[in-house]
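Enquirer: Chain residues, written in single-letter form:
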Amino acid sequence: MANNNQGSMKRKRAVGNVIGYIVLILISLIWLFPYFGLLMASFRSFDASVEYGGMVDYIIPHTFSLDNYRFLFDTTQNNYTRWYLNTLIISLCVAVLNTLNVLCVSYALSRMRFKGRTLLMRFWLILGMFPGFLTMICLYFLLKQVGLTQAGAIPGLILVSVASSGMGYYVCKGYFDTIPKALDEAARIDGASRARVFLTMTIPMSKPIIIYTALVAFMGPWCDYVFASYIAFGHDKSYNVAVAMQRWMVVGDYQGYFTRFCAGGIVVAIPVTLLFMFLQKYYVEGVTGGAVKG
Amino acid sequence: MANKKSSPKKKNALANFFSILVSDLKEIGVTFKEGDFKTRISFLIFGFGSLLRGLWLRGLALLAVEAGLLYFVFGFGWNYLSKLSTLGTIATSKKGRKTVYGDNSFLILLFGLLTLFAVIAFITVWRINVRINRTEQLILKNGRKLPTNKEDFASLFDSNFDKTLLALPVIGIFVFTVLPIVFMICVAFTNYDANHQPPSNLFTWVGLENFHQLFSFGSAGFGSTFVTVLIWTLLWALLATFIDYFLGIAVAMLINKKGIRFKKLWRTILVVTIAVPQFVSLLYVSKLFARDGLINGYLLKIGAITSAIPFWENAVLAKITIVVVNIWIGIPYMMLIATGLLMNIPEDLYESARIDGATPWQMFRHITMPYMLFVTGPFLLTQYTGNLNNFNVIFLLSQGGPKTGNLVGGAGRTDLLITWLYKMTINDTNYRMAAVIGIMVFIVTAGVSLVVYNLLPSVKDEEGFQ
Chain A
1 MANNNQGSMK RKRAVGNVIG YIVLILISLI WLFPYFGLLM ASFRSFDASV
51 EYGGMVDYII PHTFSLDNYR FLFDTTQNNY TRWYLNTLII SLCVAVLNTL
101 NVLCVSYALS RMRFKGRTLL MRFWLILGMF PGFLTMICLY FLLKQVGLTQ
151 AGAIPGLILV SVASSGMGYY VCKGYFDTIP KALDEAARID GASRARVFLT
201 MTIPMSKPII IYTALVAFMG PWCDYVFASY IAFGHDKSYN VAVAMQRWMV
251 VGDYQGYFTR FCAGGIVVAI PVTLLFMFLQ KYYVEGVTGG AVKG
Chain B
1 MANKKSSPKK KNALANFFSI LVSDLKEIGV TFKEGDFKTR ISFLIFGFGS
51 LLRGLWLRGL ALLAVEAGLL YFVFGFGWNY LSKLSTLGTI ATSKKGRKTV
101 YGDNSFLILL FGLLTLFAVI AFITVWRINV RINRTEQLIL KNGRKLPTNK
151 EDFASLFDSN FDKTLLALPV IGIFVFTVLP IVFMICVAFT NYDANHQPPS
201 NLFTWVGLEN FHQLFSFGSA GFGSTFVTVL IWTLLWALLA TFIDYFLGIA
251 VAMLINKKGI RFKKLWRTIL VVTIAVPQFV SLLYVSKLFA RDGLINGYLL
301 KIGAITSAIP FWENAVLAKI TIVVVNIWIG IPYMMLIATG LLMNIPEDLY
351 ESARIDGATP WQMFRHITMP YMLFVTGPFL LTQYTGNLNN FNVIFLLSQG
401 GPKTGNLVGG AGRTDLLITW LYKMTINDTN YRMAAVIGIM VFIVTAGVSL
451 VVYNLLPSVK DEEGFQ
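From first to last, the protein sequence lines are chains A and B.
The UniProt record's numbering applies: residue 1 is where the first sequence begins, and numbers increase by one.
The UniProt record's numbering applies: residue 1 is where the second sequence begins, and numbers increase by one.
Treat each hint with caution, since some may be false.
[Claimed, not checked] Derived contacts from chain A toward chain B, CB cut-off under 10 Å, selection only:
(1) S28
(2) W222
(3) V241
Rather than coming from a laboratory, the hints here were simulated on the basis of the structure.
Built from N, CA and C at the ideal position, the CB exists for glycine as well.
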């Protein structure tokens, strides 16, 4: 009797697992399908004598070709390499500077108690509730005054992104809060200054959160469309990939540019995705920690 | 009850503020009365006392700040500040071949505000300067020693390290966030739009007229459009948050399930979606559902449909498509978070439930869900407010379309407040209404946060689930 029961339990679990696998495989297919489609379309030539560069009703191209990729890296036809480099420069600068900024703010708010600390935190929280685009027009004119729009859009974008990054201190401060204060106290009794504690103790202990902050900051500019297009307005050489490719897709004749967009998307996605996969562990840690503390 | 509680609190805060102000003024008076000539001259020349007392580091710093601010206010800002009340009266015009330059309302407002802030900064530094003099004098009077310049400098990396760390971030946030926000709040009270573009057409203060227009329900008013867009914004955020939340947890539980293998593989597949920049994936998906896109094309080819499904042209269908695509975006993120949290649920809770003969569904309802809701309450709230302002998904998928003639201000059927704001800024240069909408977005976000935050169980009793 007991044996029988166990047997049915086992069978039940096995059936459950089979259903589980089917669902998971289905999910995987749905999630990967757009990327598969993107990849396939990027191999479809836009050359009218070979195939068609717009949208079609099949996925696998009739003839595989590298025309789109050749087009991307042909500097006589378009500025893709320039756009790509722009984005890469912005991303790297923003990743480094944002992280430094966030670390400073987080340490000050987590470890030091000064007059107006809670007031400052509350004020920033309220500021964060204003929609970012509201500030766009004003920022444009501010940057224009110092020549950081159009031709100077790259440093301008970096400046704006870094300047306001201090408000995103939540996750990092949450992490600092979990490092026991007793460690700080011990070092200070031994005569170390706050700055020394910060540089030689707190920072080395915060590797995961530093990587997380830098990773998120690095990924941001790759999607930055709105602000980048506003600041670089009309100046082709200052575009980032998102602005330029959005134009291929929506503003320009997307019928002919669709496969080129796909190829460009693949070239953008590969390094970012690889980096992300590589540092996934830290990302998960940061996201989960941030979610629980709210 | 809550009202009763808060009103005396508010009164207290106000009374507090005044008592602080009064005692502050008193202290300033005492400082002057009891001050020696060094302190008294410092009231005019910042840092004078410190300099004479040998503390040249802080003395020079104060003096430099004073000189800088005074130069800024009188050398540059005064011109703008004086016109702030009218925002300029003489427009730039052309007389024959010559251009006669006049005022520029935009710059007057922007730099006028900046100057106003500089004046506030000046007063603050003045107050700090007075206090420093007072302390120095008291220390000397009590026969103690003043800190040396070296100690002053070292304190910037020790007891005053917070000021060193926060100086740049605070200035950055001030110039690039606070100033623009205050500026746009001011624009909401002006008539800055396509017909009033400085320098050829100045704009000026109009009081509450824009808010009036927002809530007027006539044919030219923004009232009905605002309500329509607001309802869709709230509904969208609700759907996007909770559907993703529950499905994400479900997927996480499925992957965590005993007996399922290759857990890491399944997770990685989903996580790719977070890594690929959204403008690539979302633009592709948007074209996937287009009238001439892959899905319609394929269905037409195999004869499943006779005419293309209007995914983006039909208002209801577009809304459904957006919510569905957002599931595709949102699940991986939620799955990541839920995976970590699910593992934190004490296993013995399930064990004892199993012994009591609970079914999996009962365990889910009475153990998993309460725990998850408790732990992720604040997270859900930030997700909700994030979705209220989820520009990317809407803009990259439907651009707010389908377009309609029934809504004013260029709003489409799937526009959120935030994308509507964007359209008004970019397409119509209707800055005044964009600013009003921006303020409304703030009110909605802040209102929702405030109300929900106070209802959250994890805020009400922090020990609840322990």
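Enquirer: Determine for every hint whether it applies to the structure shown.
Expert: Against the structure, the hints:
For A:S28, the shortest C-beta to C-beta distance to chain B is roughly 5 Å, which falls under 10 Å, so the interface hint holds. Interface hint status for A:W222: upheld, as the beta-carbon distance to the closest one in chain B is roughly 4 Å, under 10 Å. Satisfaction of the interface hint for A:V241 is found here, the shortest Cβ-Cβ separation to chain B being roughly 8 Å, below the 10 Å cut-off.
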